[in-house]
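*Asks:* If you follow the hints, you should be able to join the two separate chains into one complex; please do so.
As they're listed, the protein sequences go chains A and B. Reminder that position 316 of the first sequence reads as 316 in the working numbering, one-by-one numbering, no gaps. Each position in the second sequence, counted from 1, maps to that position plus 1000 in the working numbering.
By construction, these hints were calculated from the structure, which means they are not laboratory data. This list has only true hints and no planted wrong ones.
Label pairs and their computed distance ranges (CB to CB): (1) B:G1407 / A:G57: 50 to 58 angstroms; (2) A:S12 / B:G1413: 41 to 49 angstroms; (3) B:K1102 / A:E43: 21 to 29 angstroms; (4) B:T1087 / A:K64: 34 to 42 angstroms; (5) B:G1479 / A:E43: 50 to 58 angstroms; (6) B:K1102 / A:E208: 54 to 62 angstroms; (7) B:K1218 / A:L186: 42 to 50 angstroms.
For each residue, glycine too, the CB sits at the ideal point set by N, CA and C.
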Amino acid sequence: MDGGRPFIPNSSPEVKASMLKYLGIDSIEELFRDIPEGIRIKELDLPKGMSELEVRGRIKGILKKNVSMEEMPIFLGGGAWFHYVPAVVEEVVRRSEFLTSYTPYQPEASQGILQALFEYQSLICDLTEMEFANCSLYDFPSALGEAARMAKRVTKRSKFLVPKFSNPQAIDTLASYAEPAGIEVLQVERDLGTGQIDLEDLKDKVAEDVAGVFVENPAYLGFFEEEVEAIGEIAKDGGAIFVVGVDPISLGVVKPPGALGADIAIGEGQPLGNHVNFGGPNLGIFACNGLGLLRQMPGRIIGMTSTKDGERAFCMALQAREQHIRREGATSNICTNEALCALAAAAYLSLMGPEGLRRLCETIMARSRYCAKRLGEIDGVKAPLFEASHFKEFAVNFDGTGVPLDAIHRGLLAKGIHGGRPLREFPELGGSALYCVTEMHSKGDVERLSRSLAEVIKGR
Amino acid sequence: MKPPDASRAFRQCRWAEPLIYEISSDGKIGHMVPMPDDEELRAVGDPMGCIPSKLRREDPPKLPQVSEVEVLRHFIRLSQQNFGVDTMPYPLGSCTMKYNPKFCESLASEDGVRMIHPLQDESLVQGILQILYELSKFICAITGMREASLQPSAGANGEFAGALMIRKYLKVKGEPRDEMLIPESAHGTNFTSAAMAGFKVVRLPLDDRGCIDMEALKSAACKRTAGIMITNPNTLGIFERDIVEICRIVHENGGLCYYDGANLNAILSKCRPGDMGFDVAHLNLHKTFATPHGGGGPGAGPIAASEELREFLPVPLIGFDGERYHLDYGVKYSIGRVRGFYGNVSVLVKAYAYILALGREGLKEVSEIAVLNSNYLMRRILEGGGYELPYPGSGTRMHEFVLTAKGILDSHGVSALDIAKRLLDQGIHAPTIYFPPIVKEALMIEPTETESKAELDRMAEAFRRILEEAKASPELVRGSPVNAAVARVDEVKASHPMSMRLSWRSRAAPEAKSNSAADPRHSAG
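This is chain B alone, in the form it adopts within the complex (with noise of 0.2 angstroms):
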């Protein structure tokens, strides 16, 4: 028998689902709970009675009305309306998307770590408290740094304890610093983390090689200045080569340096934060190590610090006394919490299996070919024309690299938002496009470690004929997508004070067809 032929086109799932409210009718129901016993209820009388009447709710909630088998079905034909990484490659930059192990997923869902409360008595909770104290044990090895805590919630929330950590200890040392550097070609959540811990930011430009400018730099470093904000590799997948130099300056100046680990996955086992000179750092284990991005979160981004910055951390920490392991709240000038109890633990215990399994060699690989496979896949791109790479004069790119389109666009009319949409049509994940900013027609590109080299091809097999598109027919490019499970969806209409539609129930959007343009712009972190 013939292999299936390959050129037939991939087709998305579509149910035309309806809304669980459109499925609803009166009396169903989808679950039944256990009910009190006649002897507990002659004990306590009417539970309801029980609630003040100022409190008692007038009428039930309109939820819907569905049997268990509508709301399973509803949402496995949802699920398959859904791109995910176990189906196509996911190549989504900055955004890490390789492949999450299942053993660690079982390993997360044992009783042992759903069915435990964060409040038992520390005897009981022995076994999570050495996996989470572990853990925090490899995470200080990974990034050179001296203590760590989980608590984070994801990357933005470990970066805003990051940076509340900064204004603490410039406080508890009374100097008055109020600026955050941050160069232009950051994730945005920097700038905002940045903000919301009360700093003024003071963005610096890049220079030819698409690193930061160091003259910038120099003049911008000062007296005020609190810290800087770095992800290296930078967005457009360079390494920052003149790292060493650029925390030494500001440490010159009085400030502190905040290592931003979205881009981890670049130089594992190559290079660690910690030795860089970096006082602060996060690492995002939902990209790094494998931990599953369940459509949005949960991730985890617990925070490391230097021996000079570990006293302001956030607590509980985990300490281990040699023979029990017990929540450190002994820490002297900690920030307190930017969440409740210890992070997101289930998604920790992942991390911990993920690493254990991979170990030292492993990590090492991990970065190797993630590296290997982003310069294979770039090459590859370009040897095809068309798509443009920014900053030609730094060579190799890390663990991701970024392509700009406006060349097409410019000759064909199709831009970047044209061509991730085509991506799609063809099984594979559109890239994060129009980010960085600094890039006009930005397609930014990470296909991680997890990718084999057929995926790889075909990948670049796809950008190919996509510029073929281009050329001979534009707007089949601009039509795009016709092989997911909806046509292109207008994303100005979304958020139109006359057409929003926010929840089912409230104002119904004018059935009118729309004709403005979708909202072009995307990005990731």
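Here chain A stands alone, though its shape is the one from the complex (with noise of 0.2 angstroms):
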């Protein structure tokens, strides 16, 4: 193609050859001399290029054969949860100047990002009363892998539990971070009818090999984990470091993490302000307590210090904890981190503020007990699944209406719900489901939910 591509401005043939000229050479092909002759190649077996309203037409015609939320009620959580962003918090992270900067290796000239990273890391402090916050990891459950490791490191033990009925994609993720640092992942066990963790095989396994022991309050299936303080007695007991994981929306209303004993919290941060986008970018929240574990903490930290002048300045801290400066002997391998979504989590959390949070809380937990309770007035539905007061997910188990969970789900999807996920990991929980509610979900789609399922069970 001649005549110069919109995004290369020296693609022109004028500047080009201008340019040459000024090397000294005749062909760009002089630059690339150093590669040697077998292994290069004329082209890549790729399509021709495209206008971008071509590209656009394209991509939106691929686009049209996925249902998103705004055409069709979606009852999923499970690691990724519809919540409503303000417009406030998709203005601001659309701004250019975040949008198209890197990490503030430049603290001069990246004031701004500093500073909202800075507020970021303290906002995460005050929602879970911990004492230090980074400012991001990739996900959950990439900042579980990272929380044993960091147990073992603290530690210098080798084990690290876990409940059962974990979410099992961090579990998953879990293992790849854990084997290799030659990290045990055990699991604890629960109670089938209340679903809470089961305090004298935990006390069992806290032995003197245990580095690590996690729980997660609202659990992976909904309900509240009661005995969060007691579990996390026990862990510290028995010397190991405590891990809490949180919905950091619950947090407007439950007890955090820092109050209840823990060491290092974590949590999945895609619920303040961020979309769900397929289940990526996340925001890994990773927060500890004392000078100790913080020395251990993966990821950047921005701290607050000063210019020359004596005026307040951010700047990134504690950078000898990373890859760039330690390499092999760095806490973390992460650079690349999850800053744009902090960044959204930051203009969330200051615009709910306590009360926004709380209200939140209120209308996540009103509206999904309502859906709990009509679901469960269907025959044969058991709604929630355990006898245990819940947030904004619960298991319903569909065992008593006789009919198969996969028909349930091709009957709501006929009826344009899509209803929870089928918890087919766990058959000790029979024909159950994750269904999860939250803000988006208006009383109209709840009450929707409920007389199709119903119909469907009575096969109409």
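*Replies:* Put into structure tokens, the structure is as follows:
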């Protein structure tokens, strides 16, 4: 193609010629002479380029094959959750000075993102009542992996305990992080009626080689873990690091990990002003207590400092923990993180404030309870499955209906509703699915779900 | 009328913006949420009552209370105190800070991307699965690999996945190999990723060409060698001419070859990692494929594998049976996962749109102009004197080049750090400095293909002017920046236990002015 390309200013033949002339060469190929002939290729096996308008047409055409939450109520959670993203948050993350910048290696030119990330860390500290927060990891599952490795570095022990019925993807990710570090992951039993962690089993397993104990509140299956504090005491009596997973939204009304004895708090920050985006990008929340743990924390940390004139300013702090300085001795290899998602979270939490967050929790809990109640009124449906209080998700069991899980799922889809996620990985729960209700589900959606479910079960 | 005076100094916006906490006042609220209606409340009672008493939060979180207008204005003002590619050149070496096409952004914010759930029934997400499938095929074509997983969140996450694949491969073969060879010029993440995957790192020195020392490689490669991790072109911007031989030596010794794709922007359509002999490779879509860096992320670091390694990729892959797209968990020796779900999907959509727009000829031109721009700028800076090119025997450079300011430091007492700060004063982001560590007073410069000749000339002129200043009034350069939002920041104080302050409520830092020198150690990756 002659005549230049929109994103490549010097692709115009005239400019190219003048630059080659300056370099005293006849062709650009001369600049590639170090590449051995034997591996040179003529061109890539890719389609020809297209105009912006054509690309737009093609992608929008493909995306029509997706059905989004805007078109159909979707009662899915389990690691990614539909929450409303206020327009102001979208405006802030679209700002191209933020969007098109990178890691603030030059603090003088990057005070904007540095201050915003310092505010993010501060907001996470306030929300969790933890002392220190980093400015993001990739997501909750990788944060869990990093927490286990950190527990091992701190305690020099090699076992890590997780409760039964944890997020399977987080457990798989944990395994990838743990195995090469020589960490063995063990499971703690739960009561099948209430879902609560079996404290006796935990006590048996917290031996002297346990580096860390993980508990999530609310748990993966949506119920509150009532004995978080007692679990933490058992962990700490055994000399283990206590890792608490949180839903950051719930902390508007739920006791924060810092007040429950956590040494490390982790969580998925996507609900804080970030769209679901088919599961990514996400925001790994990571916070800890105490200077000893701080020095072992993975990820970038922003600090407040001053300029040489004594004015307040911000820059990256404690970089000696990081890969570009410490290399193979670093606390983590993370470099590119999820800064823009942390910025969204900062704007989101600033908008919500304590009162906005409290009201949101109230709405979510009222609507999800209302949904569980309506579903539970249907013959043979047990909702929630566990006899416990729940936040925004709850398991529903259909064994009493005599209708297979798959038929229920298909029946609901045929009626234009996406039900919860079938919990096939936990066979001991029978035919159960995990439902999620947030402020994005209207009361009308919930009523439509319960009506449709009743019809599907009756075979209509 | 006259055009604006070009010599008038750049000034970065400066708001002295308070922290969001400092503009908080009780009772303000920035966002209204829908509330439950009476019927719901009658049915379920007080929603707060469902929180077990042991778990009720006693005091509300101490979040700031700010109105919507104030929140917006606060963050807009902060944004104005930030350099970005949309406002100025950002020649941060090895980070490929190229222009991020706007239409890619708008396509990634369609509801068909942002409002779909990763656990949705596959029949309702055929569109996004098609995009991910096609993108994974594009990545195979670009890298010369057999199969690709889009899961890793960023380059380092991809490296970790790749190192785990090598580990698992050796385990399946029953070979207890534990050493990873990494050249001294490598990105810092390579060393850490290898260590996280359980390998011992063996560092390879460079020869006088700035390339891997072949004799050192031959003596390091042995029956303990699990593999080698290489960036090509390397961080000096030099293409490893012996790459085929390097891969052959490692393979002959029973090891595998890992390609760090951070510098792929130099070689699109010229050569491919697969043809060089690599077994596993990651790409940084936020570098080569123009997705924005977001102030530090999100990026995307897909990982591609050769025929021999494909059965070790993370799951799920995206499959296509000729009619339907699906998530494919049937990967025989998969390492499992390195994060949740399928990757940073909105970033992946932007990269897909970028590749479609440029196509095969466009991507070729990307690398050609990236390399042309780099050599043009290098020559322009070098002809002004002062700055020197290490490893001068290797004449041209690829997409980036590293200069040393050691001569300027020795003669005028002006360091690479000072030069970096003075560049900020002229509305140009600094290069990566003090990296790679093998070059003293390093300035690592990557202009990318999206800078115009006029901007390259302006950058060269800025380097020349700083050299003149270093000679005539070095204190001016050492006292920079003066036109950025703030004066030089004390980075030592931020990490010192006595003055460290890492959140708003943590112990306040002593107010005393600090005289300690700022930490000059920076790097990129």
